[in-house]
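Just so you know, the sequences run in chain order A and B.
Per this note's numbering, residue 91 is the first one in the first sequence, and the count goes up by one each step.
Per this note's numbering, residue 201 is the first one in the second sequence, and the count goes up by one each step.
Hints were generated in silico from the structure; no laboratory data involved.
The structure displayed is predicted, hence computed values, not measured ones.
Among these hints, one or two may not hold up.
Once the Cα atoms are required to be at most 30 Å apart in a straight line, the calculated DSSO-like pairs of lysine-lysine come out as [said to hold, decoys possible]:
| no. | chain 1 | residue 1 | chain 2 | residue 2 |
| --- | --- | --- | --- | --- |
| 1 | B | Lys413 | A | Lys222 |
| 2 | B | Lys450 | B | Lys659 |
| 3 | B | Lys587 | A | Lys222 |
| 4 | B | Lys413 | B | Lys587 |
| 5 | A | Lys222 | A | Lys260 |
| 6 | B | Lys312 | B | Lys450 |
A few chain A residues facing chain B, derived, Cβ under 7 Å [claimed, not checked]:
| no. | residue |
| --- | --- |
| 7 | Leu145 |
| 8 | Gly192 |
| 9 | Ser255 |
| 10 | Leu257 |
| 11 | Ala259 |
Ranges between beta-carbon positions, derived for each pair [unchecked claim]:
| no. | chain 1 | residue 1 | chain 2 | residue 2 | range |
| --- | --- | --- | --- | --- | --- |
| 12 | B | Val231 | A | Pro130 | 50 to 60 Å |
| 13 | B | Val597 | A | Leu395 | 50 to 60 Å |
| 14 | B | Ser399 | A | Leu395 | 26 to 36 Å |
Think of the CB as a built atom: it goes at the ideal place given N, C-alpha and C, for glycine as much as any other residue.
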Amino acid sequence: MTQDEALRLEGIRKSFGSFVALGGVDLAIRRGEFVCFLGPSGCGKTTLLRIIAGLEQQTAGRVIQHGRDVSHLPPAARDYGIVFQSYALFPNLTVAQNVAYGLVNRRRRRAEIDARVGELLELVGLPDAGRKYPAQCSGGQQQRIALARALATSPSLLLLDEPLSALDAKVRERLRGEIRSLQRRVGVTTIMVTHDQEEALSMADRVVVMNHGLIEQCGTPAEVYEQPATPFVATFLGRVNILPGRSLGAGRYRVGDVDLELPVDGFAPGTDVRIFVRPEDRHVEGDLAAMPNRLSGRVARIDYLGTVCLAEVGCDALHQPLTVAYSLNQLHDLGVREGGRVDFALRPDRVRVFATG
Amino acid sequence: MTAEAASRPAAAPEARGVILGEWIAARGGLVLLASGLLVFLTLPLAMILMRSFEDRAGAFVGLANFVRYVQTPALAQSTWNTLTFAAIATVVVVPMAFLFAYAIQRTCIPAKGLWRSIALLPILAPSLLAAISFIYLFGNQGLLRGLLPLAGLSSIYGLPGMVLAMAFASFPHAVMILLASLSLADARLYEAADAMGTSALRRFVTVTLPSAKYGLVSAAMVTFTMAVSEFGVPKVIGGNYPVLAIDIYKQVIGQQNFQMGAVVGLVLLVPAVVAFVVDAVVQRRQKALMSARSVPYAPRPARLRDGLMLVYVVLISAYMLVVILMAAYGSVVKFWPYNLSFTFDHYRYGFEEAGVEHAYGNSLVMAALCAVLGAAITFAGAYWVEKTRGADALRPVVRLQAMLPMAVPGMVLGIGYILFFNSPANPLNVLYGTMAILVASTIVHFYSSSHLAAVTALKQLDGEFESVSASLKVPFYRTFGRVTLPVCLPTVIDIARYYFVNAMTTISAVVFLYSPKTTLASISILHMDEAGAIGPAAAMATLIVATSALVTVLSLAAEHFILRRTQAWRRAAAPA
Ligand SMILES: Nc1ncnc2c1ncn2[C@@H]1O[C@H](COP(=O)(O)OP(=O)(O)OP(=O)(O)O)[C@@H](O)[C@H]1O
Ligand SMILES: [Mg+2]
């Protein structure tokens with residue numbers, strides 16, 4: 091263990107009866123880091139968070155906080171603040187009383203508490219909300235009040251369970267930035283649970299991608315997006331084309347009637363593989379004739395998604411359609427239209443190959 | 201702040217006391233509740249089972265008591281009588297209540313609030329009151345006795361009077377269930393039926409009835425159980441129509457035959473438990489139904505239907521009012537029906553000569569104790585079961601015991617108490633004959649509904665309050681006092697009111713447990729009726745209704761006042 095380590099999970103397992111919710115999770119989190127647990131519904135994110143908080147008892151494994159084994163301590167003996175999806179604000183207490191809830195218990199003087207509450211409300215950008223009741227605040231404000239309450243006792247670890255999921259899209263986007271910058275200012279180690287990949291990729295220092303109670307990959311947003319370690323991560327994050335093919339050895343692969351040259355080796359000739367290509371991992375401009383992995387096909391359909399458009403291209407040689415991304419400008423400059431033909435080349439550096447099975 | 205976090209010692213020292221305190225409070229509360237229910241509910245019931253296999257000397261005799269029971273024609277006859285009575289009462293009350301609830305929820309009659317309040321009035325009265333009123337009306341000196349032959353009856357005593365009185369006493373309980381189930385209509389079904397040009401009758405049969413079927417079953421089971429367990433009504437107006445509740449009373453009080461009393465108690469338990477199980481199964485199904493998304497149905501005016509329904513609702517309301525007013529009137533006339541001049545003699549007699557003052561005072565004390573202690577124990581108990589952590593093996597045990605009283609007729613609970621607390625071997629027998637045992641038995645008797653109300657209120661709170669408190673190192677019991685209790689205050693007051701009114705009117709369990717010093721108002725009605733003093737009996741019944749009504753009104757006013765004063769947050773408007 092290094093001095094720098096805020097939290098370490100060792101072999102955490104959790105079963106509910108015969109159902110295995112977590113199948114052995116190992117993870118180390120550095121001090122001050124912002125980590126997101128990302129995964130589909132039911133993959134065990136919340137369960138893992140609750141185990142860290144001591145609200146759920148793991149079936150096996152250890153939780154170590156700042157070098158101290160807290161595996162079997164009750165929640166009150168651990169050191170963290172938490173914000174739940176529902177915020178769980180006390181409806182009969184004012185905003186200031188909510189924020190002060192954990193301070194009152196610590197035999198602090200009235201004036202000291204008031205000053206701290208003011209400081210926290212300032213921090214979350216609600217300096218004048220103190221006398222209101224939670225029901226008088228908007229969803230976004232309630233979320234920030236819950237955050238202030240969780241931070242009031244200066245915990246060394248902040249746990250957030252889908253803190254933004256109850257808000258509408260616009261507010262959510264604004265709060266993403268606010269939470270992130272607040273976390274940087276306070277410097278508190280933070281774990282956030284989410285099933286929204288955009289949220290995870292835009293906020294986290296490190297994303298922990300989970301599936302079926304296991305960690306699939308753990309890395310920076312760029313790592314998990316650009317170098318997905320498993321087929322699950324590749325498909326879960328962003329869009330991807332999956333091309334079934336066969337290894338010909340030495341980085342060559344046969345897909346349909348096409349041979350692709352990719353800087354990925356390690357598959358014996360004859361191995362069945364799946365090749366993962368994101369829509370944007372292609373060249374559509376420049377000297378295409380000089381590039382390897384050139385393809386062409388007829389545009390069957392174009393989906394407009396704002397600045398990016400996705401063209402579904404029927405490639406006869408591949409025996410399957412391929413989704414290719416164009417910027418709006420490229421679409422016009424290259425004259426891409428439904429029913430027209432297009433040429434492009436795959437970017438070999440970005441393509442991932444996994445053995446089938 | 202980073203520095204502060206870094207310099208933080210491994211365990212915040214102030215947390216240790218909190219953790220230990222919480223550990224003890226969470227488990228201690230549960231253990232206390234579980235053992236309370238064990239001593240005041242489960243052990244007394246187990247005692248009935250044990251005694252039923254023993255002879256008077258306490259020796260084990262196997263099924264001998266049961267054999268004797270079956271072979272005693274009079275006893276076997278009352279089993280049949282009880283079932284007949286309960287079945288007829290159910291068949292009469294459920295359609296009557298259904299039509300009433302239908303009129304309130306699905307038609308456009310005026311003054312719905314008024315009719316609803318009148319329909320709920322019988323809750324405030326002891327069931328004896330209805331029996332007394334029907335004796336005034338149709339008894340041997342009854343005003344309307346001449347009408348009996350028109351209905352093919354020779355006397356009101358026996359089954360006819362019992363059913364009429366039961367129709368009064370159990371009506372509000374059936375109506376409350378049916379009002380709730382008819383409030384959950386799905387307008388889309390009705391629109392679909394209308395779009396297909398369905399006739400009104402067919403629509404009623406294919407849409408309305410099926411959607412209310414769970415409520416109907418529930419109402420039927422409640423009415424049936426009430427009638428099976430009813431003691432006061434058959435005692436006063438039953439004549440020569442013995443039922444099981446009367447048999448228990450005779451065996452235990454009359455003949456001091458506790459073993460046979462225990463056997464009859466077990467027999468009485470069977471239909472009550474069956475009804476309870478049927479209802480539990482049905483309610484589980486209804487929950488699934490209610491989660492479906494539905495659009496509330498708003499009735500549209502229909503002149504003929506609304507007119508007929510108004511007539512019906514007025515008739516039913518008149519029935520309830522006539523029963524109550526008859527007793528009240530009877531209590532202030534000199535000598536029914538011969539001398540109708542006004543007098544307070546019956547009240548004076550009751551208070552001065554029959555020792556009723558004492559009984560009435562006892563009732564007030566007991567009802568107040570039940571209200572305060574019952575509400576405190578029930579709400580705290582529900583909180584401990586639903587919201588604390590630790591000792592998880594105890595939770596299902598407590599939940600089961602909390603629902604048990606609903607299936608146990610008061611007479612059965614009462615005999616269990618005698619057998620358990622009157623035993624010289626039991627150190628708790630000091631309780632026997634005290635006010636404490638009356639309070640305990642009454643709280644236990646009405647525990648299930650109160651517990652359910654408390655659980656429902658608690659489930660409406662955010663499930664993470666306790667987790668948040670733990671993360672802030674605030675013990676859960678402080679959050680209970682500072683958040684949970686204030687937020688649930690209206691429910692707590694409702695529960696207290698429920699205990700008060702039931703403690704004022706109940707007789708079934710306490711009739712076995714009072715002593716001369718702790719006799720109650722409701723029981724004194726029984727005694728005065730036995731002594732043929734129907735005027736004073738009516739006076740006492742009227743006094744109980746008046747007290748219950750007054751306390752209900754006062755507590756509603758207090759609730760309103762308290763909520764205005766202390767709960768500004770409830771009025772906090774949602775932001776624009
Ligand atoms: N108390 C419990 N008893 C039984 N199963 C449970 C319990 N709590 C969670 N589970 C199961 O464990 C699995 C993981 O649950 P968890 O709440 O951690 O999922 P999640 O990743 O947070 O999903 P979501 O995105 O839907 O919140 C789910 O399949 C869930 O049904
Ligand atoms: Mg979750």
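Now the hints, each set against the structure:
{"no.": "1", "hint": "B:Lys413 <-> A:Lys222", "in the structure": "46 Å, violated"}
{"no.": "2", "hint": "B:Lys450 <-> B:Lys659", "in the structure": "44 Å, violated"}
{"no.": "3", "hint": "B:Lys587 <-> A:Lys222", "in the structure": "27 Å, holds"}
{"no.": "4", "hint": "B:Lys413 <-> B:Lys587", "in the structure": "33 Å, violated"}
{"no.": "5", "hint": "A:Lys222 <-> A:Lys260", "in the structure": "24 Å, holds"}
{"no.": "6", "hint": "B:Lys312 <-> B:Lys450", "in the structure": "44 Å, violated"}
{"no.": "7", "hint": "Leu145", "in the structure": "5 Å, holds"}
{"no.": "8", "hint": "Gly192", "in the structure": "3 Å, holds"}
{"no.": "9", "hint": "Ser255", "in the structure": "15 Å, violated"}
{"no.": "10", "hint": "Leu257", "in the structure": "14 Å, violated"}
{"no.": "11", "hint": "Ala259", "in the structure": "19 Å, violated"}
{"no.": "12", "hint": "B:Val231 <-> A:Pro130: 50 to 60 Å", "in the structure": "42 Å, violated"}
{"no.": "13", "hint": "B:Val597 <-> A:Leu395: 50 to 60 Å", "in the structure": "57 Å, holds"}
{"no.": "14", "hint": "B:Ser399 <-> A:Leu395: 26 to 36 Å", "in the structure": "53 Å, violated"}
Consistency note: the structure conflicts with the earlier hints numbered 1, 2, 4, 6, 9, 10, 11, 12, 14.
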